[in-house]
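*Asks:* Sequence:
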Amino acid sequence: MASDQVFPAIGNLAERADALDGDTKQEDAVADEERPLQEIESLCMACGQQGVTRLMLTSIPYFKEVIVSSFRCEHCGNQNNEIQSAGAYRDFGLVYTVKVLNAGDLNRQLVKSHYATVTIPELELTIPPSRGQLTTIEGLLNNVIDDLSPEQPLRRIQDPAAYEKIQSILDKLREIIPEDSEEEDSEPGDGRKRLTKEEKANADRPVPPFTLKVEDPSGNSFVEFIGSMSDPKWNMREYHRSTEDNVLLGLISPDEAMASVKQVPAGENAEVDKVEMDEVLVFPGKCSSCSRPLDTKMKRVDIPYFKEIIIMSTNCESCGYRDNEVKSSGAISEKGKRITLKVEDSDDLSRDILKSETCGLRIPEIDLTLTAGTLGGRFTTIEGVLDQVYDELSGKLFSGDSATIEDHNSFHSFLSRLKEVKSGSRPFTLILDDPLSNSYLQNLYAPDPDPNMTIELYDRTEEQNDDLGLSDMKVEGYENDAEALPKKAGLGTLKEDASES
56 MASDQVFPAI GNLAERADAL DGDTKQEDAV ADEERPLQEI ESLCMACGQQ GVTRLMLTSI
116 PYFKEVIVSS FRCEHCGNQN NEIQSAGAYR DFGLVYTVKV LNAGDLNRQL VKSHYATVTI
176 PELELTIPPS RGQLTTIEGL LNNVIDDLSP EQPLRRIQDP AAYEKIQSIL DKLREIIPED
236 SEEEDSEPGD GRKRLTKEEK ANADRPVPPF TLKVEDPSGN SFVEFIGSMS DPKWNMREYH
296 RSTEDNVLLG LISPDEAMAS VKQVPAGENA EVDKVEMDEV LVFPGKCSSC SRPLDTKMKR
356 VDIPYFKEII IMSTNCESCG YRDNEVKSSG AISEKGKRIT LKVEDSDDLS RDILKSETCG
416 LRIPEIDLTL TAGTLGGRFT TIEGVLDQVY DELSGKLFSG DSATIEDHNS FHSFLSRLKE
476 VKSGSRPFTL ILDDPLSNSY LQNLYAPDPD PNMTIELYDR TEEQNDDLGL SDMKVEGYEN
536 DAEALPKKAG LGTLKEDASE S
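Using the numbering used here, the first residue of the sequence shown is number 56, and each one after it goes up by one.
Among the hints, a few may not be true.
Okay, the calculated beta carbon distance ranges per label pair [to be verified]:
| id | residue 1 | residue 2 | range |
| --- | --- | --- | --- |
| 1 | P504 | I307 | 25 to 31 angstroms |
| 2 | D214 | S283 | 44 to 50 angstroms |
| 3 | Y500 | S343 | 37 to 43 angstroms |
Below, computed lysine-lysine pairings styled on DSS-like, alpha-carbon distance capped at 30 angstroms [what the hints assert, rightly or not]:
| id | residue 1 | residue 2 |
| --- | --- | --- |
| 4 | K362 | K382 |
| 5 | K268 | K227 |
| 6 | K154 | K119 |
| 7 | K390 | K362 |
| 8 | K362 | K268 |
| 9 | K154 | K220 |
| 10 | K362 | K397 |
| 11 | K397 | K352 |
| 12 | K392 | K362 |
| 13 | K227 | K154 |
| 14 | K354 | K390 |
| 15 | K268 | K382 |
| 16 | K382 | K397 |
| 17 | K382 | K354 |
| 18 | K354 | K392 |
| 19 | K268 | K154 |
| 20 | K382 | K392 |
| 21 | K397 | K341 |
No lab work stands behind these hints, which were simulated from the structure alone. Remember, predicted model here, so these are calculated numbers, not experimental data. No residue lacks a Cβ here, since even glycine has one placed at the ideal position from N, Cα and C.
The whole structure should be built from the sequences, with the hints applied where relevant.
*Replies:* Listed below in structure tokens is the structure:
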């Protein structure tokens with residue numbers, strides 16, 4: 056049976072449900088397999104009586120097939136709504152980022168699996184993994200208000216600090232989602248702003264800007280884009296799941312995860328050269344953001360036809376701080392390296408790329424230039440680097456930092472071109488320039504030359520050597536300089552001081 060017959064589009068199901076609504080005779084005449092909803096008697100866990108679970112199998116455009124379930128008990132009023140994926144986990148985790156600027160953005164459809172974490176940095180709000188939901192951004196924020204508001208009077212007495220923090224979040228949420236003025240005749244007691252239904256329905260009505268991020272290691276979450284995937288307010292980024300993510304999803308057992316991790320006691324230095332390639336070292340430390348204990352993980356990776364690198368990752372479970380860093384091992388190269396790649400299709404976007412801290416990046420077709428040090432050291436794909444660039448630049452555009460309307464429009468146009476490049480719909484030239492030759496771009500034809508890639512070695516300039524600290528670096532004969540330094544200061548050497556005493 057075709058997938059579109061088992062999982063019809065959600066819009067078609069809504070039309071069929073409206074056609075059957077209120078027409079009991081017609082509904083009874085429809086065969087069970089043609090009903091938009093399937094009803095099953097289920098035990099209510101609240102009162103022990105029989106309730107009804109309604110299941111709807113549907114597909115969401117540009118996403119995948121899902122199962123929407125709704126339970127209600129007529130005896131005690133207990134009810135619950137949930138959404139589950141009808142397919143397998145994706146090969147990658149996904150991060151969706153949406154810049155919300157007006158009321159129209161609040162109407163974006165949102166699918167949140169029970170593995171997804173939702174964050175709004177501007178509000179310092181994090182919604183941890185919980186039950187799956189099929190809603191909108193506005194519906195999600197309304198749920199937060201409904202969940203946090205009832206306990207506020209009690210928090211005000213028992214925990215004033217928590218009350219003030221949560222009340223600050225609620226006040227900001229109520230500025231984003233005002234209530235309808237026609238719902239109540241009197242002024243509300245919660246201080247929530249009232250709008251007419253016409254004002255609230257206006258998609259261009261501005262709202263306090265904020266960023267919504269949905270991170271799902273299973274890849275089964277989704278946030279709607281407007282128009283096409285070139286929507287400048289919308290971004291999707293894939294990432295490789297960590298070992299903890301695989302344990303959470305049940306893809307590997309905890310014992311298998313611990314077998315590949317080696318704990319390094321505090322205060323001891325690990326000899327990296329003795330670490331196996333598949334071994335992960337864990338160093339205890341403190342978070343640079345909240346100063347709480349955390350673990351830094353380190354692993355050696357051998358890149359074929361290049362060199363060994365060291366990847367270090369830090370993740371604070373207390374405040375959510377994350378940091379990834381890549382260091383190249385080996386001696387300093389005598390020459391710099393410039394790599395030029397002609398990116399022609401989406402397959403080239405999946406090439407591995409190692410961008411060191413000293414590497415600059417350019418895409419002439421869209422006037423993109425990243426100086427050395429931007430984004431730090433990264434080992435990812437070309438698409439991953441462009442995603443990080445988009446996240447950094449879009450935050451500046453939608454935060455209101457642009458000085459004039461012309462600057463805003465120009466930046467908006469640049470992000471649209473960047474989206475075209477990032478999606479593979481527009482060919483471009485990628486240029487990596489690293490004076491230390493510590494950067495790498497995957498050759499799909501290795502060990503043969505790549506017809507779309509050129510590699511140029513060049514001599515560093517004196518200015519580059521000065522900037523990198525190589526001009527003052529001395530690796531031979533430094534013992535004599537160390538002995539001569541105390542004499543220049545008039546202190547004598549240690550041997551002379553000992554003989555005089």
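*Asks:* Can you give the numbers of the hints that this structure goes against, from lowest to highest?
*Replies:* 1, 8, 11, 21
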